[in-house]
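Chains A and B are the protein sequences, given in the same order.
Position one of the first sequence corresponds to residue 49 (my numbering), numbered consecutively onward.
Position one of the second sequence corresponds to residue 125 (my numbering), numbered consecutively onward.
Calculated from the structure, these hints are not laboratory results.
Backbone N, C-alpha and C define an ideal beta-carbon position, used for all residues, glycine too.
Hints are not guaranteed to be accurate.
Computed cross-link-like contacts, BS3-like style, restricted to lysine-lysine with a CA-CA straight-line distance of at most 30 Å [said to hold, decoys possible]: (1) Lys150/A - Lys185/A; (2) Lys82/A - Lys221/A; (3) Lys238/A - Lys532/B; (4) Lys82/A - Lys567/B; (5) Lys567/B - Lys532/B; (6) Lys132/A - Lys250/A; (7) Lys82/A - Lys117/A; (8) Lys567/B - Lys238/A; (9) Lys132/A - Lys150/A.
Take a look, some chain A residues computed to stay more than 12 Å from chain B by CB distance [what the hints assert, rightly or not]: (10) Asp72; (11) Gln88; (12) Ala121; (13) Glu134; (14) Arg159; (15) Ala281; (16) Gln295.
To be clear about the criterion: a stretch of chain A counts as covered by chain B if any three or more of its residues have a C-beta under 8 Å from a C-beta of chain B, and this derived list gives those stretches [unchecked claim]: (17) 98 to 105; (18) 146 to 156; (19) 180 to 190; (20) 234 to 245.
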Amino acid sequence: MIALQLLAAAVTVVPGPAPNNAHDLIAGAEHAIKVNRLEQAGVMAARALGSGASGRDMDRLLADLAFAKERYAEALARYRVLLKSEPANPDFLEHAGIAAMKTGQTDGASRYLSAATSSGGATWRAWNALGVAADLKGDWDEADNSYARAMQLAPSEFEPLNNHGWSLVLRGKWRSALPFFEQAVALEPKSARARDNLDLAKAALSSGLPGRRPGETETSWAARLNDAGLAAAALGDKVRANAAFTQALEVSGTWYARAANNLKAYANR
Amino acid sequence: MTTGGKLLLLSGCLAASGCTADQTVQIRPISDPNGKLHYSGGLLAEARGQLAIGAVGLALESFRTLQRQQPDNSDVYAGIAACYAQMGRFDLTRTNYELALAYAPNDPALLQALASTLDSLGETEQAAQVREEVRTAAAKTAQPQLAEAQVTRLGVPRATTMTVKLPDAPPPAKIAAAAEPRIAPAVLSSAEVSFASSSLVSANKPLLVAAEVTLPVAETRTPVVALLAPVSHTAAQPLLLPAAAVDVTAPRLSEVAQRSVSIEAPFIDTGSEVVAKTVVAKAELALRRDVARLPEVTPDRDLNSRGPYLERTSLREVALITVATPKKQSKLESRPTQLPQVAVIDAPPADRPPAAPAPRTLLAASDVRWVPLRYASRTQPIQLLNAARTDHLAARTRVALIDRGWRKVSIGNARAARQHSLVLYSPGRWHVAARLAAQLRCKAVRVASVKNVVVLLGRDAALRRGAISRA
């Protein structure tokens, strides 16, 4: 009787949904990463793992997912494993280089990115990242060359322009940096970083201190004054730097610790 | 011992008498507005019903329960997303639509809903990308087969003949009483293709023929593709296409009034030498048999012979046929269109005498429509539009407003940039607009064409947050 009941139960169990093909799941997850739907990609990757997927494609998917989710340490570890089997893969090298740079491993980043750009099919992102790595090392020639290649490959992207401008700012060449920032803002007006960099360069190159814009809050104005003070300090204009930090403290509605610290540090020089 | 026993006996008697007292336990049912929904087909339908009637919290709870029971069901995540969309939490809406897409990645409705959500979040570029994905998927599913068989059309059209052989018409059979008239299938069973040029003939190579049958009446073209096995033939011999290749079936051909259709065979490919041997052939052909229309059995005859009878017109509906010409009458039309009128009286201003209350008509119960979950209305009382061209300004402002207790706030982008923020409100929403304007430190203007309240966030709102984004 028990056996009959068990048999009946087995017969009447409703079958669950058929498991999807692991290959399809991996392909779908890669597509989701490509179009920046990371939640979807994460679930599809988990389903692929659950259906027994493994191997190079699965490892690549997990590495790409970690990279897209900005879990750079995990991504770097996974790309290192992948590079053992495919040491010349430009995608792996590029992503490993960027992940290494994001985790502060500048030497490793330069190594990966140099290898990535040594092959013919390097993307503008690889060249751009190599330029940033060169900036971090102070290798200005390599930085200029890398940004130039990145801009050549992707003339409509604003990031190489912005980074090249910042590279020039790091060298104290504010006037040379200004057109790069202007071009970057022209290409991508929504980029707050490019706009801020342009404001900073303009403030550094102007003779006076930035005035208050119509409708601008005290906090925002104070922040711009503090930035102008830093730029003036970088250019060695001590009087203007002190004036900017002091005015930033005055106009700020609340205690502005950053401007106070800057003023104190610069006064002690 | 004796005393203890007596006490025990006494307490037992008291307890027994208490239990046997004639008291009826009355349980008053708690009124449940969703009671009718419990029997409408599962928790998913119940949750959708709750969402449709605006009980978003209950719907969300039901969807969450379903999520635990059916974690692989994309409809559940879509339902959760729709709930969050009703709440104005488009960030969570996006997350849940993505989760739904993880289980149904090619669902066009989900992709469209995600695109709308991205629009609400101000991510118009990604929304356009998703819509493009929908279009691409739709195009792929529309013509998957012919694209593979297409060969480049080259060369000068050459004359050739094509004859279609149809099977002989079957003798008209005696048709038993049937409920509706039928049309006999007319099938182009085979076609003979004669080539005028011998350059087409290539022995022992597979032959790909792609043709289109043009129906004169409907001006439609039906693709016909055939890959023939290697054949050996000469120009003088007609090539017989198999029945499967030219099977233009009955429904289309039944519309053909004329006795001829044209077949255009632009692509004839003889194996590897595609380009050199591609021709365009167009020929008129004669249908040997007209569309055979079987004798119709009129309802009169059937009704007279059988009397009134029941007929199932759909899965839900059964019709009693009593007259020869059926007349359908909608239930909704037969009902009174207005329920007893209910007066809604607004307090009149002090300087105006009270006017007669305008009667407001309630909708009939039959007018309640079940809105599909993914297309549920998402109207929000407050709409924040980014008019400063600053990233995520509307989203950040909405977070700030939600922190202050505001609810049902949607976001978007304004068409034009503005310097100063402005609150536009419809008549009757001034109290909301005034509170918003006070909190956003801007003016409020009454505009008749605006629905509810629209806030245009100008650059001044962006500048108030400028310091936060600076490192």
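Taking the hints in turn, this is what the structure says about them:
Taken as a hint, the lysine 150/A and lysine 185/A pair is honoured in the structure, with Cα atoms around 14 Å apart against an allowance of 30 Å. The straight-line distance between the Cα atoms of lysine 82/A and lysine 221/A is roughly 37 Å, outside the 30 Å bound, and the hint therefore fails. Proximity of lysine 238/A to lysine 532/B is assessed by CA-CA distance (about 27 Å); at most 30 Å being required, the pair is judged to hold. For a cut-off of 30 Å, the pair hint linking lysine 82/A to lysine 567/B is broken: about 43 Å separates their Cα positions.
Taking the CA atoms of lysine 567/B and lysine 532/B, the gap is near 21 Å; set against the 30 Å cutoff, the hint holds. A hinted pair counts as satisfied when its Cα atoms are at most 30 Å apart, and lysine 132/A with lysine 250/A does not qualify at roughly 48 Å. For the proposed pair lysine 82/A and lysine 117/A, the alpha carbon gap of about 12 Å is at most 30 Å, so the pair holds. About 26 Å separates the Cα atoms of lysine 567/B and lysine 238/A, which keeps this hinted pair within 30 Å; it holds.
This hinted pair checks out: lysine 132/A and lysine 150/A have alpha carbons roughly 21 Å apart, not beyond 30 Å. Its closest Cβ contact with chain B, about 9 Å, brings aspartate 72/A to no more than 12 Å, contrary to its assignment away from the interface. Glutamine 88/A, annotated as away from the interface, has a beta carbon of chain B within 12 Å; the closest lies near 4 Å. The claim that alanine 121/A lies off the interface holds: its Cβ sits roughly 23 Å from the closest Cβ of chain B, which is beyond the 12 Å cut-off.
Listed as a non-interface residue, glutamate 134/A keeps its Cβ farther than 12 Å from every Cβ of chain B; the least gap is roughly 27 Å. Non-interface status of arginine 159/A relative to chain B is upheld: no Cβ of that chain comes within 12 Å, the nearest being about 29 Å off. For alanine 281/A, the requirement that its beta carbon stay farther than 12 Å from each beta carbon of chain B is met, with the minimum near 16 Å. For glutamine 295/A, the condition that its CB be more than 12 Å from all CB atoms of chain B holds, with the nearest at approximately 15 Å.
With 0 residues having a Cβ less than 8 Å from any Cβ of chain B, the segment 98 to 105 of chain A misses the three-residue criterion, and the hint is violated. Look at the segment 146 to 156 of chain A against chain B: 0 of its residues bring a Cβ nearer than 8 Å to a Cβ of that chain, fewer than three, so the hint is violated. A count of 0 residues in the segment 180 to 190 of chain A with a Cβ less than 8 Å from any Cβ of chain B is obtained; the coverage claim is therefore unmet, three being the minimum. With 4 residues having a beta carbon nearer than 8 Å to a beta carbon of chain B, the segment 234 to 245 of chain A meets the requirement of three or more and the stated coverage holds.
The structure does not agree with the numbered hints 2, 4, 6, 10, 11, 17, 18, 19 stated previously, though it agrees with the rest.
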